[in-house]
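Take a look at the letters that make up each chain.
2 protein chains.
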Amino acid sequence: MKPALDLLQACELIQKNQLKVDDYLTQSVARADEVEPELKAFTVRASLKDLQSQSRSGPLQGIPVAIKDIIAAKDFVTTNGSPIYKDFVPSEDAEIVKKIRNLGGVIFGKSVTTEFAWRHAGATTNPWNSAHTPGGSSSGSAAAVASGIVPLALGSQTAGSIIRPASYCGVVGYKASFGAVPRKGVHPVSGSLDHIGFFTRSVADARYAFNLLRNTVIEEEDAIVIPELHPKPIREALDNTKLRIAVLKTPFDDLLSQEQIEAVQIAATLLEKSGAHIEEISLPQSYWDGIEALAVLMACEAAVIHEKHLEKFPELMSMDMRELISKGNACSVGDYIKAKNLQMKLRLSIVEYFQNLDVILAAPATGEAPKGLGFTGNPIFCSLWTFIGTPAIALPVTKSSNGLPLGIQLIGNYKEDEKLLNIAQFAETCFKTADRQP
Amino acid sequence: MKPALDLLQACELIQKNQLKVDDYLTQSVARADEVEPELKAFTVRASLKDLQSQSRSGPLQGIPVAIKDIIAAKDFVTTNGSPIYKDFVPSEDAEIVKKIRNLGGVIFGKSVTTEFAWRHAGATTNPWNSAHTPGGSSSGSAAAVASGIVPLALGSQTAGSIIRPASYCGVVGYKASFGAVPRKGVHPVSGSLDHIGFFTRSVADARYAFNLLRNTVIEEEDAIVIPELHPKPIREALDNTKLRIAVLKTPFDDLLSQEQIEAVQIAATLLEKSGAHIEEISLPQSYWDGIEALAVLMACEAAVIHEKHLEKFPELMSMDMRELISKGNACSVGDYIKAKNLQMKLRLSIVEYFQNLDVILAAPATGEAPKGLGFTGNPIFCSLWTFIGTPAIALPVTKSSNGLPLGIQLIGNYKEDEKLLNIAQFAETCFKTADRQP
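These protein sequence lines are chains A and B, in that order. Using the numbering used here, the first residue of the first sequence is number 381, and each one after it goes up by one. Using the numbering used here, the first residue of the second sequence is number 381, and each one after it goes up by one.
Rather than coming from a laboratory, the hints here were simulated on the basis of the structure. Mixed in with the good hints there might be a few duds.
Heads up, the list lumps identical chains together, so a pair's fine if it works in one copy or across two of them.
Once the Cα atoms are required to be at most 20 angstroms apart in a straight line, the calculated SDA-like pairs of lysine to any residue come out as [to be verified]: (1) Lys707 / Lys718; (2) Lys478 / Leu385; (3) Lys795 / Gly559; (4) Lys725 / Glu687; (5) Lys622 / Leu696; (6) Lys692 / Ile760; (7) Lys396 / Pro818; (8) Lys812 / Tyr667; (9) Lys466 / Lys751; (10) Lys795 / Leu388; (11) Lys718 / Gly571; (12) Lys478 / Thr649; (13) Lys629 / Phe468; (14) Lys622 / Glu642; (15) Lys653 / Glu695; (16) Lys454 / Cys711; (17) Lys812 / Pro383; (18) Lys429 / Asp402; (19) Lys478 / Glu414; (20) Lys795 / Asn595; (21) Lys718 / Glu687.
All chains, please: the whole structure from these sequences, using the hints.
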């Protein structure tokens with residue numbers, strides 16, 4: 381079958397009446413029917429009739445969107461990936477879901493998450509090879525976009541839950557600056573760390589979704605700023621011969637597969653050939669302490685968030701969840717406050733690095749998606765940027781010898797999402813990744 | 381002697397060359413020499429020669445400012461109210477001190493704080509009656525302005541440390557919205573709660589200082605927005621016949637002295653006679669839970685902040701400090717996170733109350749300044765607003781039968797400092813408090 385339409389392609393065709401919403405939704409459902417028996421990206425899907433009845437005019441008119449199953453959507457069972465919520469139907473949409481509907485988007489279904497967006501894996505398989513994990517915790521969202529079911533899916537990241545599955549599935553995953561995307565109505569993992577973000581098939585699509593769905597300064601619904609349908613591909617100001625890209629060295633680079641190291645090198649070389657200046661960057665140990673501090677914040681906040689779950693339904697919680705909660709309960713309040721202080725300190729100090737560079741280029745994961753479905757992969761290459769709250773985007777670059785996607789991530793300065801997206805769009809044109817759909 | 385000049389009066393005379401800076405500073409020093417033996421508002425003062433050499437042009441040219449002694453000022457011993465720091469001279473100014481100097485202000489001296497701005501009182505006495513406390517923790521700053529030594533002093537509030545001493549000393553005390561005034565270089569009590577604020581002799585002065593010294597969106601020093609020397613007394617938009625003022629009922633109103641109750645009533649009556657609409661407001665228990673939550677945040681954060689002090693200098697810390705730290709160490713991380721969550725929740729929800737009213741009128745303290753110097757008074761009538769981070773301003777209204785000042789506080793909506801200051805300026809004209817200087 382021919383590759384699915386990207387988000388902006390579909391939007392344009394629908395807005396120009398060159399594609400009927402009913403036909404487009406019919407294709408999406410057909411694609412899902414075809415791949416879902418093996419892919420298992422969704423916990424629940426709307427029927428074609430329901431999808432068609434949801435459609436209304438707006439910049440996202442007729443666009444089917446997958447919603448990670450920790451994000452509330454009215455009339456859909458929202459399990460949070462836990463048997464505790466197996467029959468829970470929220471009475472209200474999460475704020476971002478409300479925005480999607482107001483803009484004409486259609487809620488295609490709820491996509492599989494790990495249990496409460498922590499480790500315990502769901503059923504989803506990797507669209508490129510069903511013996512491999514799609515990554516997590518936003519497993520179903522990454523898989524659904526990679527498989528061409530929907531052009532846009534919502535995910536969330538508390539350590540590496542967008543960047544890593546995007547990389548494993550060969551799609552674009554975008555985690556904006558902390559606080560830039562509304563979280564109301566999303567089951568929290570950790571208030572200090574949770575980011576909502578997007579899976580798409582191009583950087584332009586991620587930017588389009590971000591600009592439509594981000595928080596505006598005035599948070600009233602009426603105040604949504606609707607951008608042009610086609611944002612300019614690259615800002616005039618972006619001069620790629622002056623672009624300073626720093627390849628990140630980390631203290632745990634020995635966890636990287638040879639193929640992942642090469643993927644980063646390929647990306648750096650292509651960017652350099654396109655005029656960018658490539659250098660290396662190392663960060664002091666105080667930055668890498670952020671990874672353990674992230675674990676402290678997450679565990680402590682999760683312990684509070686799941687206090688009642690553990691009290692009432694201990695037998696319905698995985699060992700993974702119970703370990704996280706125990707870790708949280710074992711922390712002292714001093715551990716927590718110090719972790720929080722480090723987060724604020726690094727969020728302020730990272731800005732200094734970006735005075736001399738435009739973007740950091742890094743591995744998004746240790747390598748290709750690991751074999752097996754129980755372990756969704758190591759988030760360590762994402763955690764620092766989630767902790768600090770800087771925007772990060774995953775882009776596919778090449779394939780492993782097993783035919784699985786390998787990507788890179790680009791990290792921008794805190795709150796400079798627009799600049800990161802500009803550079804990512806330029807990088808995407810350099811990589812010209814072929815063979816995007818399994 | 382004739383009453384000291386207010387801040388804006390002094391600024392205008394200096395700018396118009398009708399008052400020589402040297403003469404003005406000479407008067408300030410003379411007044412300090414006169415009252416300090418009994419008042420004890422300062423830990424250290426600059427010599428007249430040093431003051432004169434500090435002076436430079438700018439909107440605060442020649443204005444002597446008292447700096448609460450937890451705020452770093454280069455070349456001044458900054459004791460933080462603790463014997464641990466008895467010889468500590470910071471090598472850098474706190475950000476707000478830097479701003480004062482850049483605008484032409486003169487650092488008059490360091491004003492007495494309680495130990496680390498917590499309870500253990502310093503030597504300062506109440507300028508109206510030296511047998512009474514000036515309140516705390518910003519004891520010296522309130523007393524120095526009330527006594528006419530300086531027209532502007534910096535304080536800080538973590539529970540009631542600006543509003544209460546302002547009320548006890550009969551001056552204006554202004555605590556802006558959380559985050560609105562720079563804190564860098566101030567010894568923290570509690571990062572979640574610390575506010576920097578101002579003592580002045582009029583609301584117009586408080587507004588002038590706030591507008592000069594507040595955080596701007598761009599935090600670069602060059603970006604300071606210098607307002608007109610004379611802000612309009614009341615915004616055209618303020619229609620006092622439509623002003624909705626709500627008198628606050630609290631669950632601990634039985635702590636109020638009869639005279640303090642009457643002071644609030646006098647204020648309400650004067651405002652009503654001037655056209656305002658007066659009503660009553662009660663808040664649900666979840667709000668009042670904020671007072672215990674404030675105590676949790678403060679204790680937990682203080683325990684981290686003072687960890688090294690307690691380790692190295694236990695014998696130099698008061699029982700009050702050690703109790704605070706013990707309380708913090710006894711809290712669970714869950715207690716802390718829940719307190720923090722409540723703070724965020726109330727900061728969002730208080731906005732709803734302000735949809736139907738303009739300002740809350742409340743008692744700033746239980747009554748007149750208590751007798752004795754060991755206890756700086758109960759901050760309970762200020763704590764909730766510090767916890768939420770809404771702006772609050774104390775205004776003198778009348779005197780007790782003992783001749784001590786009694787005031788009120790006005791509380792505005794979060795981040796609506798300008799509106800609160802407008803209304804406070806209107807209220808000040810209604811109260812026309814006579815006999816302002818002891």
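For each hint, the structure was consulted:
1. With identical chains, the CA atoms of Lys707 and Lys718 are at most 20 angstroms apart both within one copy (16 angstroms) and between copies (17 angstroms).
2. Neither within a single protomer nor between protomers do Lys478 and Leu385 lie at most 20 angstroms apart by alpha-carbon distance, with minima of 24 angstroms and 57 angstroms respectively.
3. For the identical chains of this complex, Lys795 and Gly559 are neighbours both inside a copy (9 angstroms) and across copies (18 angstroms), given an alpha-carbon limit of 20 angstroms.
4. In this assembly of identical chains, the alpha carbons of Lys725 and Glu687 lie at most 20 angstroms apart only when taken from different copies (19 angstroms versus 29 angstroms within one copy).
5. Within a single copy, Lys622 and Leu696 get their C-alpha atoms no closer than 54 angstroms, and across copies no closer than 57 angstroms, so neither meets the 20 angstroms cut-off.
6. Taking identical chains as interchangeable, the C-alpha atoms of Lys692 and Ile760 are never at most 20 angstroms apart, the minima being 32 angstroms within one chain and 37 angstroms between chains.
7. When the C-alpha separation of Lys396 and Pro818 is checked against a cutoff of 20 angstroms, the pair qualifies neither within a copy, at 29 angstroms, nor between copies, at 78 angstroms.
8. In this homomeric assembly, Lys812 and Tyr667 never come within 20 angstroms of each other (Cα to Cα): the closest approach is 33 angstroms inside a single copy and 56 angstroms across copies.
9. In this assembly of identical chains, Lys466 and Lys751 lie within 20 angstroms of each other by CA distance neither inside one copy nor across copies; the values are 28 angstroms within and 63 angstroms between.
10. Proximity of Lys795 and Leu388 under a CA criterion of 20 angstroms is satisfied in neither setting, with 24 angstroms inside one chain copy and 39 angstroms between copies.
11. When the C-alpha separation of Lys718 and Gly571 is checked against a cutoff of 20 angstroms, the pair qualifies both within a copy, at 16 angstroms, and between copies, at 11 angstroms.
12. When the C-alpha separation of Lys478 and Thr649 is checked against a cutoff of 20 angstroms, the pair qualifies neither within a copy, at 42 angstroms, nor between copies, at 47 angstroms.
13. Taking the shortest Cα distances, Lys629 and Phe468 never come within 20 angstroms of each other, neither inside one copy (44 angstroms) nor across copies (40 angstroms).
14. With identical chains, the CA atoms of Lys622 and Glu642 are never at most 20 angstroms apart, being 24 angstroms at best within one copy and 69 angstroms at best between copies.
15. For the identical chains of this complex, Lys653 and Glu695 are neighbours neither inside a copy (56 angstroms) nor across copies (65 angstroms), given an alpha-carbon limit of 20 angstroms.
16. With identical chains, the CA atoms of Lys454 and Cys711 are never at most 20 angstroms apart, being 37 angstroms at best within one copy and 38 angstroms at best between copies.
17. Proximity of Lys812 to Pro383 under the C-alpha cut-off of 20 angstroms is restricted to the intra-copy arrangement: shortest distance 16 angstroms within a copy versus 77 angstroms between copies.
18. Taking the closest pair of Cα atoms, Lys429 and Asp402 come within 20 angstroms of each other only inside a single copy of the chain (9 angstroms); across copies the shortest separation is 84 angstroms, beyond that limit.
19. Neither within a single protomer nor between protomers do Lys478 and Glu414 lie at most 20 angstroms apart by alpha-carbon distance, with minima of 29 angstroms and 67 angstroms respectively.
20. When the C-alpha separation of Lys795 and Asn595 is checked against a cutoff of 20 angstroms, the pair qualifies both within a copy, at 12 angstroms, and between copies, at 18 angstroms.
21. With identical chains, the CA atoms of Lys718 and Glu687 are at most 20 angstroms apart between copies only, with a shortest distance of 12 angstroms across copies and 23 angstroms within one.
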